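Student: Take these sequences, add in the hints, and give me the full structure.
Top to bottom, those sequences are chains A and B.
Here my numbering is used: the first residue of the first sequence is 90, the next is one more, and so on.
Here my numbering is used: the first residue of the second sequence is 898, the next is one more, and so on.
FYI, nobody ran anything at the bench for these hints, they're computed from the structure.
So the derived label-pair ranges between C-beta atoms look like this: (1) A:Ile241 / B:Gln1214: 16 to 26 Å; (2) B:Gln1173 / A:Leu303: 34 to 44 Å; (3) B:Arg1182 / A:Leu303: 34 to 44 Å; (4) A:Pro118 / B:Glu1040: 30 to 40 Å.
In this text the structure is predicted, and so the values were computed from the model without any measurement.
For every residue, glycine included, the Cβ atom is placed at its ideal position computed from N, Cα and C.
Residues per chain are reported as follows:
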Amino acid sequence: MSLLWLRVAVLLYGIAALAVLPAALYDRPRWRHIAIPATTAAILFHFVSLAEMLNAAHHRLPVDTHETQAFLGLVLALVFLIVYARYKTVSVGVFVLPICFLLGLIPAFHPGQEYTSFPLLHTGWIFLHIALLLAAYAALLVSLLASLLYLIQERRLKSKSPAIPWLPPLETTDQIALKTLLFGLPCMTAGLLIGSLIAQATVGASYFRDPKILLAFAMWLAYVAMIFIRRHSGLRGRRAVYLSSFIFLVVLTVWAANQFSSVHRFTTP
Amino acid sequence: MSQTTPGNLVLLGINHNTAPIDVRERLAIPPGRLADATRTLLHQPGIREGLILSTCNRVELVTLQEGTAAEPGSQTGNKADLLRFLHEYFSVPPATPTPHLYEFREREAVRHLFRVASSLDSMVVGEPQILGQVKESYTVAREVGAVSTTLEALLQRTFTVAKKVRSETQIGSSSVSIASVAVDLARKIFGSLQGKTVLLVGAGKMSELAARHLIQQGAGTILVANRTESRAEKIAAEFHGTVIPFDALHEQADRADIVITSTGAPQKLFGRSHGQHFLHRRRNRPMFFIDIAVPRDVDPRMNEVEGCFVYDIDDLQQVAAANLADRSREAEAAETIVSREVDKYQQRLQTRDAVPAILALQQSAEAIREAELARAAKRLSALTPDQQAAVEALTRSLTAKLLHPQLTALRRTTSPAEDDKSSD
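Tutor: Following this line, the structure appears as C-alpha cells:
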C-alpha cells in the first residue's frame, strides 16, 4: 500500500512540476492554483507512504538509499512550500519540483531491497538525527538554487539585457538564499549533536575517528563559516554562489562518504 | 451584413493621428460637462442612443441612429446631424473639424471601438488608461439614459474584448516611458520599493518625474543634493524630502538605495572607486544609479562593481524601445483577437436580425392553419373530442414539417453565432 501512496505522490509531484512552468514562466495564476495544491497533496501522500513504508519495514527511519532519497524529496517539497508561503514566488519550484519528482521516481517504481536489524534504528532520536540533517541538506540546496537565480538575474541587469521576467527580484532571491541557510544551520547543528551523543553512547570514541564523521564536522564548520561571511559582509552574487557551491560539494562528499564509512553503515545489501 | 438592423451604428471622431492638438483641444469635453454633452447629443434628430468618448487624444461620438445605411441619403444625413452637433455644442465652424474627422459605420465602427478600448489605437499602444476612460463615458451615458439595448450590448462586449486582449497578450506588461522603465528596473533589484531611499542629485524634469514614479511605488525617504542650495530646498519641499549638502555627497550617497543624477556637471560625479566605497559601507546591499545627465554623471565602469547597477539615459531608452517593440509584436496578436471578436459580434447581430423573420414566418403559418381549421370546423364538428385533438395535432405537425426547410435555412445563416455562444 505504501508504494501506491508513493506513486500517487510522485504523480502529483510530476503534475506540480509541469504546472509550475506556466505559473512561473508566464505568470499564469490559474496554473499556480494547480501547482501549489498538487505539491501539498503530494507531500501528504508522500508522508503517509513513508510512514507506512517504515512501519512495514519494522524501523522508524529511512535506511536504504531509496528511502532516504524519497525522504529528501519530501523535505525539499516542504521547503518549497515554506518559501512560497513566505515570499509568494513559485520560481524556485521550477527547479525544486522536478528534483522532488525524480527523487521519488526510483523508490516508487524500483523499491530498495536493503534491510536492517540494527536495534538502534528503532529509536526516535535517530529519526530526529536523520530528519534534521536532511532538512539542512534541503535548505542548502534551495539556498544554492536561489543564489544561482540571483546570479543569473544580476548578470542580465548588469549587461542591460532584458531582465528575466519570471525570476523574483534580486532582494527576494537574496533573502531566500540567506534565510534558507539560516534555517539549515540549527537543523544541521542539532542533527550532528544528536548523532554524536548517540554514537558516543553506543559506538564509543572510535566513532569520531571515522573519515565520514570527520567530514561531517568539517561540513558543519564550513556551513557556519559561510553563514558568518554572508551575514558579516553581506556577500551576494558570484562569490555567494561560489561559497554555496563549495559547501554543497562538501555535503555531497559527506553523503557519498557513507559508502566508505566503517561505522556509519547500518544496512546489509 | 444586412443593413436592416434596428438602427444605424455610426462612429464619428478625431484623434491624435488625424488632428493636431489645437483642433483636439477645441472639441475636448471636460469630465464635468460630459453628461450635458451626451444629453445634448441624444436630443439631436435621429439619434436613438449615444456615447461621447473624450480624452486628451481623442473625441469620438458613438451613436445609434434611426433608419438604415441602405436608405438613400441617410449616410450623409447622419454625418450632417453629428457635424451640426459639433458645430452647435462646441461653437466651432464645421470647416474646423471636418478635414480631421473619421467616420466608421456598422462593422467598422464596432472594430474601431474594440481597438480603442483595447488600447490598440492609443498614442502609446497598450497604455491601460483608455479602458477606464471608455468605462467612464459609458457610465455617464447610462446615467443620462443615452445607452440602452444596442449600445449597451456593444459596450459590454467592448469591455470583454479589451479584458481579453489584456489577459491573452502581453500588450501592457512592459514599460515604455523612461520613468516607468526606471521604476521597473528598481523593482527588479529591490522588489518592493517600500521604505527605499532615493537620492536626487541635480534637478531636471525627467529625474523629478522618475522620483515621483518611485514615490508612487512606495519609496520612503527622498534626499536631495544640488549645487544651488535654494533649488535643492525647493525640490526637497516638493517631495517632503531632506537636503544633503552637495559637498557631502560622497559621504552620504551610500544612504540611498536609488540615486538619480541629472546635473550639468562636465565631469563625472561618481567614479568606480566611489561605487566600491559605497558598497563596502552598505555591506554589499545593492545600489541603483539612474544617470539621466548628458554628459553623464556616473562613470559607466561603476557598473562593474558587484552590487552597483548603473543605467544611463541611452540604456533606459534602449529598454523602453525594446519594450515598445515587444508591444508592437503583441499588438499583432491583439489585432487578431479583435478581428475574431468583431466577427463574433456581427454574427450575434445576424442572429438577432433573423429572429423577427423566423417569428413572422411561424405566426403567418399558424394564422393559415387556424383559418383553415376554422373553415373546416362545421365538417369536423361530428368528430369526437379525441378525434378533433388528433386533427389539431396533425395540422400542427404538418405546418411544422412544411416550415422546417425554411426555418433551417434561416437558422443556418446564424449557425456560426450559435457555435460562438457555445465557445463562450
